[in-house]
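Enquirer: Here is how the chains run, residue by residue.
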Amino acid sequence: MLWLCRRETLRVSKLWTQTVLAPVVSSLLFILVFGLSLGGRIKQVGDVDYEVFIVPGLITMGMVQAAYANNASSIFQARFDRYINDVLSAPMKPWQMTLGYTVGGLFRALAIGSALLVAAAILVGVPVERPFALAAAVVLGLILFASLGLVVGIYAETWDHTTFIANIVILPLAFVGGVFYSIDVLPSPWHELSHVNPVFYLVNAVRFGFLGEADVSVWLSLGVTAALAVPTYLWAQWLFTTGKKLKD
Amino acid sequence: MYRNDAPALELRGLTKRYDDGTLAIEDFDLEIPAGAFFGLLGPNGAGKTTLISAVCNLIRVTEGDVLVFGEPAHSLLARSWIGLAEQDINLDRFLTVRETLTYHGGYFGMQRDEAEERAEEMIAAFGLQAKRDTRAPKLSGGQRRRLLLARALMHRPRLVILDEPTAGVDFELRTELWRYIRQLHAEGTTILLTTHYLEEAEELCEEIALIRDGHLIARDSAAGLRESFAVDRLQDVYVKAMARS
Numbered sequence: 255m256l257w258l259c260r261r262e263t264l265r266v267s268k269l270w271t272q273t274v275l276a277p278v279v280s281s282l283l284f285i286l287v288f289g290l291s292l293g294g295r296i297k298q299v300g301d302v303d304y305e306v307f308i309v310p311g312l313i314t315m316g317m318v319q320a321a322y323a324n325n326a327s328s329i330f331q332a333r334f335d336r337y338i339n340d341v342l343s344a345p346m347k348p349w350q351m352t353l354g355y356t357v358g359g360l361f362r363a364l365a366i367g368s369a370l371l372v373a374a375a376i377l378v379g380v381p382v383e384r385p386f387a388l389a390a391a392v393v394l395g396l397i398l399f400a401s402l403g404l405v406v407g408i409y410a411e412t413w414d415h416t417t418f419i420a421n422i423v424i425l426p427l428a429f430v431g432g433v434f435y436s437i438d439v440l441p442s443p444w445h446e447l448s449h450v451n452p453v454f455y456l457v458n459a460v461r462f463g464f465l466g467e468a469d470v471s472v473w474l475s476l477g478v479t480a481a482l483a484v485p486t487y488l489w490a491q492w493l494f495t496t497g498k499k500l501k502d
Numbered sequence: 004m005y006r007n008d009a010p011a012l013e014l015r016g017l018t019k020r021y022d023d024g025t026l027a028i029e030d031f032d033l034e035i036p037a038g039a040f041f042g043l044l045g046p047n048g049a050g051k052t053t054l055i056s057a058v059c060n061l062i063r064v065t066e067g068d069v070l071v072f073g074e075p076a077h078s079l080l081a082r083s084w085i086g087l088a089e090q091d092i093n094l095d096r097f098l099t100v101r102e103t104l105t106y107h108g109g110y111f112g113m114q115r116d117e118a119e120e121r122a123e124e125m126i127a128a129f130g131l132q133a134k135r136d137t138r139a140p141k142l143s144g145g146q147r148r149r150l151l152l153a154r155a156l157m158h159r160p161r162l163v164i165l166d167e168p169t170a171g172v173d174f175e176l177r178t179e180l181w182r183y184i185r186q187l188h189a190e191g192t193t194i195l196l197t198t199h200y201l202e203e204a205e206e207l208c209e210e211i212a213l214i215r216d217g218h219l220i221a222r223d224s225a226a227g228l229r230e231s232f233a234v235d236r237l238q239d240v241y242v243k244a245m246a247r248s
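Going down the list, the sequences are from chains A and B.
For the first sequence, the numbering used here gives the first residue as 255, with consecutive numbering after it.
For the second sequence, the numbering used here gives the first residue as 4, with consecutive numbering after it.
Calculated directly from the structure, the hints in this document are not laboratory data.
Positions of the beta carbon are idealized from the N, C-alpha and C atoms, including for glycine.
Be aware that a few hints might be false.
[Claimed, not checked] Footprint (simulated), chain B over chain A, 3 or more residues, beta carbon under 8 Å:
| # | region |
| --- | --- |
| 1 | 261-274 |
| 2 | 331-337 |
| 3 | 345-354 |
[As the list claims (entries may be wrong)] Simulated pairs of lysine to aspartate or glutamate, EDC-like, Cα-Cα distance not exceeding 16 Å:
| # | chain 1 | residue 1 | chain 2 | residue 2 |
| --- | --- | --- | --- | --- |
| 4 | A | Lys268 | B | Asp136 |
| 5 | A | Lys501 | B | Asp22 |
| 6 | B | Lys243 | B | Glu230 |
| 7 | A | Lys268 | B | Glu102 |
| 8 | A | Lys499 | B | Asp22 |
| 9 | A | Lys499 | B | Asp23 |
| 10 | A | Lys498 | B | Asp23 |
[As the list claims (entries may be wrong)] Partial selection, computed: residues in chain A whose CB lies under 7 Å from chain B:
| # | residue |
| --- | --- |
| 11 | Met255 |
| 12 | Phe288 |
| 13 | Gly497 |
| 14 | Lys501 |
| 15 | Asp502 |
Excised from the complex, chain A in its bound form:
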């Protein structure tokens, strides 16, 4: 299993300009454009400066998109080129395959998250008030999206299927999940509707970890994220155990 983990992290490292640098630059542009320029007009959200307020959401968005995209593309490519057979025929247990493939997404997302954290700390001085809550939120969120990437990459018949989920589901949910605003400013029914968006809870859990405050209870946020992460991971595990869509 360690070799599969190594292979997945090696792939991320070899393609670092695409897998890490590009998402970091794009998230930094959001911080610069929305935070530093727009922040001059919005000033504060609650007691927090706007440029600081948006950082947790942007880091979350960058990380979950990377965790999903990495695993969806890695497993789809392996299926498409059929070199996944080298893994499927190896003396590895299904749980080892699931974990091995999940690690790549986690590694890439954490590399992006760490780079953004350092940059944001320098640029806008974002604090980390609750590190344990932050760690729990990040781990659960990444398991959720890395596993989702695996599931989609296994079911996908074309590259379009993997990008469809990224562009039509994950990105819009992230944008309306309170990355750029507090949902307290939303009128009804948008305020209520935000509560059915799973990314909203993840963004809030991460924001609580950074700032020590959020729109909803951190326990609720972590609970909702965990309630989605566990079944999604088990779904990926089921696919490796049964061989469905992996073996004819």
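Dock chain B against the given chain A, drawing on the hints supplied.
Expert: What follows is chain B alone, placed relative to chain A:
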């Protein structure tokens, strides 16, 4: 521990029906003794690759048992004993030659030092020294084919399955591969070879099975097949066997 007297491969009542309803293999029985050089011949769609995929845990078997040296083929032990070179080139596009071999060794339970040492051995054996740090997509067709074979042999399997290993390769490489495969067999490795080249089967294999439409049609040595079909050439055996209803 494995039984020394167990056949290298036993298929009992193997049936595979794909999700689209295609019946690729039906109630297929086959036993290949340990140490044999066994050939599997048949036209495209006869079920050769399906059979190999069933042995290598790459398809979901509909019915029947597959045993490798007495162990169920899906067990981790059995899987560690099989080396597969597939018909299509399926190399990891992100890995170099050296990494392809080392990672394969790792997947099959080798420690890092052992895998790295064995990878260098295989690189030398297959003449890939100049390409050791080149990624698979940058290799020529012949080099990819060599790497595919080197990967199949990397973890020192007891049963090597070669699915049309010389398809589309030039005469020089084919001769070179034959030499390596023969040497492997002489060292006691069981070889299961599928090929469309009848002269290749006749030259290399001790026993040959002819399959058509997922059923075993005949099985014997090349000489035995010629005798039972009352013809002089294996090519004529093949034509007769495939023409029979």
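Enquirer: If any of the earlier hints don't hold here, list their numbers in rising order.
Expert: 11 and 12
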